[in-house]
Amino acid sequence: MKKQMEVVNKRFQHSGRLPEPPASRLLIDEFKKWAGEKTSNQAFISDYMSLMKTSNGLRFNGLVIYNIYQEDQNNSLYAANRIWWEQEWNRRYIFLADSNISWY
Numbered sequence: 003m004k005k006q007m008e009v010v011n012k013r014f015q016h017s018g019r020l021p022e023p024p025a026s027r028l029l030i031d032e033f034k035k036w037a038g039e040k041t042s043n044q045a046f047i048s049d050y051m052s053l054m055k056t057s058n059g060l061r062f063n064g065l066v067i068y069n070i071y072q073e074d075q076n077n078s079l080y081a082a083n084r085i086w087w088e089q090e091w092n093r094r095y096i097f098l099a100d101s102n103i104s105w106y
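Position one of the sequence shown corresponds to residue 3 (the working numbering), numbered consecutively onward.
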């Protein structure tokens with residue numbers, strides 16, 4: 003993950019943009035608690051948390067990896083999942099990201 007983020011950060015620097023700051027320990031703990039209540043499948047958490055410790059969310063080349071700010075209504079994992087879960091069959095999943103054409 004670290005090498006991939008180095009590449010992304012270099013591209014941000016060339017474009018004059020800054021990456022999002024890392025998520026705080028409090029935000030990470032709140033997310034882990036929330037995810038534990040929503041799903042018993044915790045396989046994704048360690049990789050997602052590695053990213054959140056580097057950058058709390060990411061918008062890059064049409065990909066949006068959701069941040070874990072609860073108050074963000076645009077790119078927050080919490081807000082996005084409330085929308086995804088309006089369709090009952092989506093409630094089996096926690097959506098971590100989206101793009102113009104795909105879900106992750």
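Incorrect hints may appear among the rest.
Below, computed lysine-lysine pairings styled on BS3-like, alpha-carbon distance capped at 25 Å [stated by the list, open to error]: (1) Lys-55 - Lys-12; (2) Lys-4 - Lys-55; (3) Lys-34 - Lys-55; (4) Lys-5 - Lys-35; (5) Lys-34 - Lys-12; (6) Lys-12 - Lys-35; (7) Lys-40 - Lys-5.
Just so you know, the hints here were simulated from the structure itself, not pulled from any lab data.
Taking the hints in turn, this is what the structure says about them:
{"no.": "1", "hint": "Lys-55 - Lys-12", "result": "holds, 18 Å"}
{"no.": "2", "hint": "Lys-4 - Lys-55", "result": "holds, 10 Å"}
{"no.": "3", "hint": "Lys-34 - Lys-55", "result": "holds, 13 Å"}
{"no.": "4", "hint": "Lys-5 - Lys-35", "result": "violated, 28 Å"}
{"no.": "5", "hint": "Lys-34 - Lys-12", "result": "violated, 29 Å"}
{"no.": "6", "hint": "Lys-12 - Lys-35", "result": "violated, 33 Å"}
{"no.": "7", "hint": "Lys-40 - Lys-5", "result": "violated, 30 Å"}
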